[in-house]
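Participant: So the chains spell out like this:
Number of protein chains: 2
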Amino acid sequence: MITLQDIQDAYVRIKDAIIKTPVMTSSTINRMIDGQAFFKCENFQRVGAFKFRGAFNTVSQLTPEERAKGVIAHSSGNHAQALALAASMLGIHATIVMPENSPNVKVQATREYGATIVFCKNTVESRVSVANDLIEKHGFTLIHPYNNPRIIAGAGTATIELLNEVGTLDYVLAPVGGGGLISGTAIAAKGLSPMTKVIAVEPANADDAYRSYKAGRIFPSVNPNTIADGLRTQLGDLTFEIIRKLVDDIVLVTEEEIVQAMKLLWERMKLVVEPSGAVSLAGLLKMKSKVKIKRVGVIISGGNIDLTDFFNNLI
Amino acid sequence: MITLQDIQDAYVRIKDAIIKTPVMTSSTINRMIDGQAFFKCENFQRVGAFKFRGAFNTVSQLTPEERAKGVIAHSSGNHAQALALAASMLGIHATIVMPENSPNVKVQATREYGATIVFCKNTVESRVSVANDLIEKHGFTLIHPYNNPRIIAGAGTATIELLNEVGTLDYVLAPVGGGGLISGTAIAAKGLSPMTKVIAVEPANADDAYRSYKAGRIFPSVNPNTIADGLRTQLGDLTFEIIRKLVDDIVLVTEEEIVQAMKLLWERMKLVVEPSGAVSLAGLLKMKSKVKIKRVGVIISGGNIDLTDFFNNLI
Chain A
0 MITLQDIQDA
10 YVRIKDAIIK
20 TPVMTSSTIN
30 RMIDGQAFFK
40 CENFQRVGAF
50 KFRGAFNTVS
60 QLTPEERAKG
70 VIAHSSGNHA
80 QALALAASML
90 GIHATIVMPE
100 NSPNVKVQAT
110 REYGATIVFC
120 KNTVESRVSV
130 ANDLIEKHGF
140 TLIHPYNNPR
150 IIAGAGTATI
160 ELLNEVGTLD
170 YVLAPVGGGG
180 LISGTAIAAK
190 GLSPMTKVIA
200 VEPANADDAY
210 RSYKAGRIFP
220 SVNPNTIADG
230 LRTQLGDLTF
240 EIIRKLVDDI
250 VLVTEEEIVQ
260 AMKLLWERMK
270 LVVEPSGAVS
280 LAGLLKMKSK
290 VKIKRVGVII
300 SGGNIDLTDF
310 FNNLI
Chain B
0 MITLQDIQDA
10 YVRIKDAIIK
20 TPVMTSSTIN
30 RMIDGQAFFK
40 CENFQRVGAF
50 KFRGAFNTVS
60 QLTPEERAKG
70 VIAHSSGNHA
80 QALALAASML
90 GIHATIVMPE
100 NSPNVKVQAT
110 REYGATIVFC
120 KNTVESRVSV
130 ANDLIEKHGF
140 TLIHPYNNPR
150 IIAGAGTATI
160 ELLNEVGTLD
170 YVLAPVGGGG
180 LISGTAIAAK
190 GLSPMTKVIA
200 VEPANADDAY
210 RSYKAGRIFP
220 SVNPNTIADG
230 LRTQLGDLTF
240 EIIRKLVDDI
250 VLVTEEEIVQ
260 AMKLLWERMK
270 LVVEPSGAVS
280 LAGLLKMKSK
290 VKIKRVGVII
300 SGGNIDLTDF
310 FNNLI
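Top line first, the protein sequences correspond to chains A and B.
Quick note, in numbering that gives the first Met the number 0, the first sequence goes up one by one and the last residue is 314.
Quick note, in numbering that gives the first Met the number 0, the second sequence goes up one by one and the last residue is 314.
A few of these clues could be false.
One copy or two, it doesn't matter: identical chains are merged, so the pair holds either way.
With a straight-line cut-off of 20 Å between C-alpha atoms, the simulated SDA-like cross-links for lysine to any residue are [claimed, not checked]:
| id | residue 1 | residue 2 |
| --- | --- | --- |
| 1 | Lys244 | Val106 |
| 2 | Lys196 | Val117 |
| 3 | Lys189 | Gln4 |
| 4 | Lys136 | Phe118 |
| 5 | Lys293 | Pro219 |
| 6 | Lys105 | Glu266 |
| 7 | Lys262 | Asn29 |
| 8 | Lys262 | Phe310 |
Hints are computed from structural coordinates only; laboratory data are not their basis.
Excised from the complex, chain A in its bound form:
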């Protein structure tokens, strides 16, 4: 089991590499919920998402042999860019397997961070088999985006910073997709402040974590149809175990609620947040009656959204 100590150790390891992201507040949102919300803005993190914390924590613990051979991931999202940057900062070679139909802007960004891109077909099978071939050939270390203790410990460091800055909280909210962020958040929050309730927020259109949590076994994520592209993945065995043990509830939000949350962050807080990042605010507004006069931490997970997508979703 991952402990608070693991997260504190991760924090020492990554402290000088990450951005200590600001905690923001909004009097408008505080009025809306009749409570106090503290937004941990990981959209300001390196590569625009919390993922950098776990990636750097993981890559910095590789053995000399693993470092020499390099790392690999199959992802077209924030994990790919986070791993590419963390590896390049530590002088390690990174290979990213991406579907051939990935948006050019993501390919470019990952390349700019110094990674080698290898394209595959747009299926899970192709991604896995292309990655496995490369691992066999070059001895790369595969870095899983969330079902990995070091990734989870890295993700938890955001909550250490949040609690250090604002003190005790009644609730902490974070989005759940694969479960890396909410797992790290829960371990850090319960470790530092056992009375704090930890709430995962998930799009109703990708509610596999909710169903898994309620049923006590992992459901796959089948055809998730949500704009929160970072939350379409399913839980891993590691994250599922932590969530079952430490998360107090999972709240579901609609697509419309996600869009309204993005809009509120944009208009009132002047923050560019990706749909997955706005999900936790959507959850906060949904559970309004429970958080009355409470102090609530809200993890904003990332801000990587294409201008055109953003506009098409919001207007």
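Given the coordinates of chain A, assemble chain B onto it according to the supplied hints.
Facilitator: Just chain B now, with coordinates in the frame of chain A:
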């Protein structure tokens, strides 16, 4: 003449009312300029702009008689909302004269902050005459948006916070419209750090401050055709005098450069910034060769931009 002491006194007066806005950095932008830029993010200030600092500083110094009668401004922009909020926080009545064709969202926001809106025709003459009638009838105190020592001192407090946080700077950049922000910035910067160069940035399509600065007399702003709507005003006698004495140069930027700067702030820094607020970054990129290996403060003045306008300008 306004002094550093006036700004320090203003800071004591407003400290508990304002948001101490974060200073942000971007490794992408630092790489672009081969220097270090520190962004003072007044888009996160109350009402979304630095204007709140000066408004609160001014309203909090009114005499009991003035407080009892209330304040007035003619504006449809950030000054109106800043004055409305500052007055309401201090229990003072505010009246805002707005052109009848003002965007509904601005009217609503100003009303939400507790002000009474009085509409006028869409001409300067109508605004002035409607305001004067109300002043005569009710004894309101007119709060000018920039040509006012208390407004200028309030605006300067952002630079006190910036320098306190990041230490000595080689340059400080701020946009210039009516000149309130750049005046306060210059007094604070030169007072705290005489070697710091103070640069005003202005849209080339509204270059009245530039021409006034070069010629040594105030030119009116005639048909300014810039998306930076906050910078269409002309200098006042007070701001002109300070700018002549303390500003080291005025840099002009094109509309395209302003749009590119907004886009960069959006995509790379995840910041929602209005065109006037992005002007100082446009200036920074324009004077790239001069700021090499320098430390530069960049004042981001505000973030109030309608979603649709934003998209239409950027895509």
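Participant: I'd like to know which numbered hints this structure contradicts. Please list them from smallest to largest.
Facilitator: Those not satisfied are hints 1, 2 and 5.
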